[in-house]
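Asker: Throw the hints in and build the complete structure from the sequences for me.
Protein chains: 2
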Amino acid sequence: MSEFSFKVLATDGAARRGEISTPRGGIRTPAFMPVGTAATVKAMLPEHVRAAGADIVLGNTYHLMLRPGAERVASLGGLHKFMNWPRPILTDSGGFQVMSLAKLRKIEEKGVTFSSHLDGSKFELTPERAIEIQSLLGADISMQLDECVRLPATEAEIDKAMRLSLRWAERCKRAFEGAAPGRALFGIVQGGDALPLRQESARALVNIGFHGYAIGGLAVGEPQHTMLAMIEASTPELPQDKPRYLMGVGEPDDLLHAVARGIDMFDCVLPTRAGRHALAYTRFGKLNLKNARFADDNRPLDEESNCPAARDYSRAYLHHLVKSNEILGSVLLTWANIAYYQDLMEGMRNAIPSGKLAEFSAEAREGWARGLT
Amino acid sequence: MSEFSFKVLATDGAARRGEISTPRGGIRTPAFMPVGTAATVKAMLPEHVRAAGADIVLGNTYHLMLRPGAERVASLGGLHKFMNWPRPILTDSGGFQVMSLAKLRKIEEKGVTFSSHLDGSKFELTPERAIEIQSLLGADISMQLDECVRLPATEAEIDKAMRLSLRWAERCKRAFEGAAPGRALFGIVQGGDALPLRQESARALVNIGFHGYAIGGLAVGEPQHTMLAMIEASTPELPQDKPRYLMGVGEPDDLLHAVARGIDMFDCVLPTRAGRHALAYTRFGKLNLKNARFADDNRPLDEESNCPAARDYSRAYLHHLVKSNEILGSVLLTWANIAYYQDLMEGMRNAIPSGKLAEFSAEAREGWARGLT
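Chains as they are written, first to last, in the working numbering: chain A, 1 to 373; chain B, 1 to 373.
Keep in mind that the hints were calculated from the coordinates and are not lab data.
Mixed in with the good hints there might be a few duds.
The list makes no distinction among identical chains, and a pair is therefore deemed to hold if it is satisfied within one copy or across any two copies.
As the list claims (entries may be wrong) - In silico DSS-like cross-links for lysine-lysine, where the CA-CA straight-line distance does not exceed 25 Å:
1. 323 <-> 286
2. 110 <-> 7
3. 7 <-> 103
4. 173 <-> 286
5. 110 <-> 81
6. 110 <-> 122
7. 122 <-> 290
8. 160 <-> 173
9. 290 <-> 356
10. 323 <-> 81
11. 323 <-> 290
12. 290 <-> 81
13. 122 <-> 106
14. 160 <-> 103
15. 106 <-> 81
16. 323 <-> 103
17. 106 <-> 286
18. 122 <-> 286
Answerer: Structure below.
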């Protein structure tokens, strides 16, 4: 299994149940990739990420180029060894973080220059360097460098960024030639909230040709219906036999909607970030464990969960931990959230082959709406 | 095994290899008890505390009476269930923390009143209430309420606190009558750095009669030789057939010295606190993982360790995590430190029956002195 490949195993409407093969292992799709920004899925042990059901995690070019440095990670044996995660890793290209985190950034045709948000030191990120960094990290799936615009933005701004991203996509593809066998490169559909630009971006990327296609520049403040419209505009332009990755999304409800529209892969900081802020994603909706209602609640987060964090500790204990700012509170809630997201994906993967995705999604939404009983 | 009992299995000079039996399981001595202040061994999962080799953990009356409250813990099924630790728990009486943390404290014959360091609310802790709280928590080993003085202190201050602690010891013993079967109560030797007062305290406690005897009021700023002298003054007064617990100690070297002088039990925040401050206790001494020397060091903390945290992650990765303030850095270093402390205790337990404690201790000290090679 030394090649990167993708196979659709079953469909349910536009939804796909698939399998990505990589030299480092398979990825069952639809897949949710926990975010391991700085070479750690925050507050998680890698064995718990795996046990929760994750086949792949995400790493961040931007964060890792700043600290500890891509060349250093390479000399230490690559990102997989560094973070003790032997399975597939997707790295983003740094485009999004340069826009959202870096200081003094300057975007030119050549690439982007910026100052580190950590210590102000100067960096340059070109399409070629983005690919080189991801290769040094040892990414199984690399992403093209792109320019994201925040929404709302003018159509002129969106158009300009989309076209620059396309030119960068071509340069990334050239830079990726000769990459190690089995490694994949994904292009990123841009075009903000402008349907025609999304379609044009998708078509142009397919002409360049990638192992997979991401939809980027969403979940940046636009309403859910806008995001879903952009997905619906993009996916018909994308090949059926390549994986589709919706970047930075999202809430559990977003995942249900996007899978129903043919998305295969997701990443999002929500489950990990929420876990560090006393929030638990559960079958009963999102629970704020800081709430005093939990102080005497001796039930676990979810007694039917297979996740030890959700099953073996009472809500009262979790409430106590978060009120006391104990690290274990962040650890347990992050763990439970990652497990819940993985369970949700598994539920969708199981539902698609029997044509029951809509039924599964309705039940999930009913559970969230019902809340705790 | 429904009774609390202690058996000395072997000796090596004054050192003892023993076994405490409790209804919740055995405690191999000499034992190091990880500190679970607020119902959590900070940054540790209970299963990792156990896997590292701990038979017993410590809980804090002071912290738990403030938050979440002893009556609440009892209504939730007790401290063991609350923190998902089914094995023995020793609770301290709160005396030390009232002195070191609480505000506006007032010590009287009856007990101590103080304001919470969390929100200023008023509390009273009498010997009877200290026992009641520990009983509500479900402690397997309860400690008498005592008054600790900070050193240096005048002999008059030390004398006064020691005598008050003795009167409180008697009241604690009375209050403990009728405790659940198998539960134990320990007295605490006080007397600061005054040898005769230590001896007098120990003798008086033995006359009252406890299941075990602690030596308290040490590791409060005095030099190591003073601490060891106080141990040497106290232990000859204590019964051979009862466990001896040196409270709040200490550095690994302190443990070697104290075991050689007949101490059976220890607790200390050092391994957990150090783990949250980038410090690793190892066979090679104490390492500061913030140090740039580790940035490219691809070796694990200790390749011979059985602890996953010490074995499966490089020093370079740990350095990266602590430089990045990642929770996983605290988690892994705390885990490795707890494991190192437990390994050290196991080494002593294995050495004593063959008369090799001095040899084992010399080797451990040589390793610390040699450092990393």
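Asker: State for each hint whether it applies.
Answerer: Here is how each hint holds up against the structure:
For a Cα distance limit of 25 Å, the shortest separation of residue 323 from residue 286 inside one copy, 18 Å, qualifies, whereas the shortest one across copies, 32 Å, does not. In the homo-oligomer, the alpha carbons of residue 110 and residue 7 never lie at most 25 Å apart, since the shortest distance is 36 Å inside one protomer and 76 Å across protomers. With identical chains, the CA atoms of residue 7 and residue 103 are never at most 25 Å apart, being 41 Å at best within one copy and 66 Å at best between copies. For the homomeric pair residue 173 and residue 286, neither the shortest alpha-carbon distance inside one copy (41 Å) nor that between copies (48 Å) is at most 25 Å.
When the C-alpha separation of residue 110 and residue 81 is checked against a cutoff of 25 Å, the pair qualifies neither within a copy, at 32 Å, nor between copies, at 60 Å. Proximity of residue 110 to residue 122 under the C-alpha cut-off of 25 Å is restricted to the intra-copy arrangement: shortest distance 16 Å within a copy versus 66 Å between copies. In the homo-oligomer, the alpha carbons of residue 122 and residue 290 lie at most 25 Å apart only across protomers (23 Å), although the nearest pairing inside one protomer, at 41 Å, exceeds that limit. When the C-alpha separation of residue 160 and residue 173 is checked against a cutoff of 25 Å, the pair qualifies only within one copy, where the shortest distance is 20 Å, while the shortest distance between copies is 81 Å.
Taking the shortest Cα distances, residue 290 and residue 356 never come within 25 Å of each other, neither inside one copy (36 Å) nor across copies (52 Å). Proximity of residue 323 to residue 81 under the C-alpha cut-off of 25 Å is restricted to the inter-copy arrangement: shortest distance 19 Å between copies versus 36 Å within a copy. For the identical chains of this complex, residue 323 and residue 290 are intra-copy neighbours only, at 6 Å inside a copy versus 29 Å across copies, given an alpha-carbon limit of 25 Å. When the C-alpha separation of residue 290 and residue 81 is checked against a cutoff of 25 Å, the pair qualifies only between copies, where the shortest distance is 20 Å, while the shortest distance within a copy is 37 Å.
Taking identical chains as interchangeable, the C-alpha atoms of residue 122 and residue 106 lie at most 25 Å apart only when both belong to the same chain, with a minimum of 11 Å there against 58 Å between chains. When the C-alpha separation of residue 160 and residue 103 is checked against a cutoff of 25 Å, the pair qualifies only within one copy, where the shortest distance is 21 Å, while the shortest distance between copies is 62 Å. Taking the shortest Cα distances, residue 106 and residue 81 never come within 25 Å of each other, neither inside one copy (34 Å) nor across copies (56 Å). When the C-alpha separation of residue 323 and residue 103 is checked against a cutoff of 25 Å, the pair qualifies only between copies, where the shortest distance is 20 Å, while the shortest distance within a copy is 35 Å.
Taking the shortest alpha-carbon separations for residue 106 and residue 286, neither the intra-copy value of 39 Å nor the inter-copy value of 45 Å comes in at or below 25 Å. When the C-alpha separation of residue 122 and residue 286 is checked against a cutoff of 25 Å, the pair qualifies neither within a copy, at 40 Å, nor between copies, at 35 Å.
Consistency with the previously given hints fails for numbers 2, 3, 4, 5, 9, 15, 17, 18, ordered from lowest to highest.
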